[in-house]
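If you're matching them up, the sequences are chains D and G in order.
So that you can map any letter, position 397 of the first sequence is 407 in the working numbering, and since no number is skipped, the others follow by simple counting.
So that you can map any letter, position 138 of the second sequence is 139 in the working numbering, and since no number is skipped, the others follow by simple counting.
I should point out that these hints are in silico values taken from the structure, not numbers from a laboratory.
Don't take every hint at face value.
What the hints assert, rightly or not - DSSO-like mimics (lysine-lysine), calculated; alpha carbons at most 30 Å apart, straight line:
hint : chain 1 : residue 1 : chain 2 : residue 2
1    : G       : LYS119    : D       : LYS318
2    : D       : LYS318    : G       : LYS181
3    : D       : LYS14     : D       : LYS82
4    : D       : LYS14     : G       : LYS62
5    : G       : LYS77     : G       : LYS62
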Amino acid sequence: MAIKTFWTIGFRDLVRNRRRTIATIVAVALGLMVIMLMAGMLKGMVDSGLRDNIRIYTGHLQLRDESYEVEKMSLLARDLLEQPQALAAQIEMLPETKSAAPVLWASTVLSTARESAGLQIWGIDPASPFHEPLRLGLVEGSYLTADSRGEILLGKRLADEIDISVGQRVSLATGDSNGAIGDALFTVAGIFNTGFASYDQSSVIMPIAQAQSLTRTGDRASTIIVTLHDRDDTAAVAAQLAAPGYTILTWEDLNQLLLTLMETGGAFYYIIYIIVILVVAVLIANTLLMSVFERTREMGILASLGMKQRQIMLMVLLEAVILSLIGIAIGLVLGLGSVAYLSSVGFNLGEDTAGLMENMAMGSRLYPAMAPDQFLILSLLMLAIVTLVSVYPAWVAARMEPVEALHAF
Amino acid sequence: MEIIRLENVTKDYTIGEVTTRALDDVSLQFANGEFTTLVGPSGSGKTTLLQIMGCLDLPDKGKVFIENRDVTGLKKNARADLRKSMIGFIFQFFALVPVLSAYENVELPLILNNVGEKERKERVMYLLDAVGLGHRVDHRPDQLSGGEQQRVAIARALVTDPLIVLADEPTANLDTENGKQAMDIMLKLNEETGTAFVFATHDPRVVDYARRVVQMHDGTIANANAALDILQTAD
């Protein structure tokens, strides 16, 4: 009953000082809009980075021999998968699977007359849907077929760096399964740009049969990269594929670094959110403090009528809550609207910024994403911090001695 | 029947380095149904006495009893509880909550006392009718004249059926007509309800209404039952 009266007094007092109230509400709304945009941008960055990593590089799952270590890129028979095409065909029969692509990895040194570079060979099935981004990313020359021999594809970043063009002949010095190093000449059939800087910079693409021949690994593969129709089916499919002698790696295992970076980035962003919220909260507390000092006499009247300290505190805190709730409501509308708009038109980062994110296939446009759980947390955080900071003006109001307050007459 | 008793009450105020004795060893009693004025020049301690009687402030020495209960040692919240049910206040500047209507201002003490809605409505309307403002219940203070505001304040002071109403210069900001009207209403309600009224005043019109006059001087009681015809209220 008393709370309803306190709401009434608080709300009407805010209406009485319209300009100050509107300015404070606008500050809350804009503050929330800004941090929602930041959260949306971070989510957009994480979502698109992860999505593109999976799409171009890691797939949802990888099946490997249990002894295979990717850092060593072993070509020993015992470390590789036998009959990878048959395995891939079995995996593709699962209804959740979109594609299963065997890949052979090997280390190589590419040399031209003027330059050389240590690279990673990707022996692929060019027709596999998993490598569609390669095909679509072709910017010069022609794509490969499974039967292509003596032809390779290189990334545009690498080609630009060591000045290679389509049609040029290059030498690849590659180790084989016996540990011998062999030289072979290849023609650059095409140049691609996936937007994934580290991939474009360090990969040599050739048909898997060509790679197997070069490395004398027979009909073996380093891994089978599996993509699914729905990322959420990863655990279920991983469980189905689990078998002795194999290692199953999920997209979470394969993107550990990215996920850790994003978590750290997310934590850092929270520091910024809290700073923005604190600035808004201090503004509200200052507004309330001014209001309390202007209403000293009124506080004295209320105390003389028998209103207790905690009731006076509650009344002032309710004003803070009213201001916050209205500001948060408007901020949510502005924030959701901004994120929705930018999620369709994108936010231009510029080529230089995109280039900094080497391990993510991020273009120069960032598309923020809706993050409803984050938006809710940020709204509640705003409300909580504003209320907490408003305890001070509420306490000032409550501790006024009625006699002193009334003498403010 | 005695309702308030002060025993050897002393109160000092310190502002900066200057300490002023506002009340000096004051002993005084007030009974049920009194209609009493405190008179004296400015600085004689009238307002301080009202504040201590009303538990808005505590004495530095001495004791205060309300209905024979020693309230001197009560903490702030306990004194607030006491005020909300037993003591009504009327101030010189009306002291209404500016954002509440006449009805809501009068209703507020009842809300603080957890009185139910039906009973609140009956009581509020009875008092607003009694002060002649039954037709102005939805008006806020800035929509009421000074006299009307003071009448709302009178209604608010009486709404909890208190033991005593303490009024500090209630007519100081009213013209002759409104001042007379306010005093007529308070006298009538005093006679009807039996609530004691104690006024601190310079206004001779208020003194004329009093059945008892307490004369104060320099924080002491010069005369606890001064005869009306020998009173002077000099600044």
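Going through the hints against the structure:
This hinted pair checks out: G/LYS119 and D/LYS318 have alpha carbons roughly 24 Å apart, not beyond 30 Å. This hinted pair does not check out: D/LYS318 and G/LYS181 have alpha carbons roughly 34 Å apart, beyond 30 Å. A distance of roughly 71 Å separates the Cα atoms of D/LYS14 and D/LYS82; the hinted pair therefore is violated under the 30 Å criterion. A threshold of 30 Å between alpha carbons decides the hint, and for D/LYS14 with G/LYS62 the separation of about 40 Å lies outside it, so the pair is violated.
Proposed proximity of G/LYS77 and G/LYS62 is supported: the alpha carbons are some 17 Å apart, at most 30 Å.
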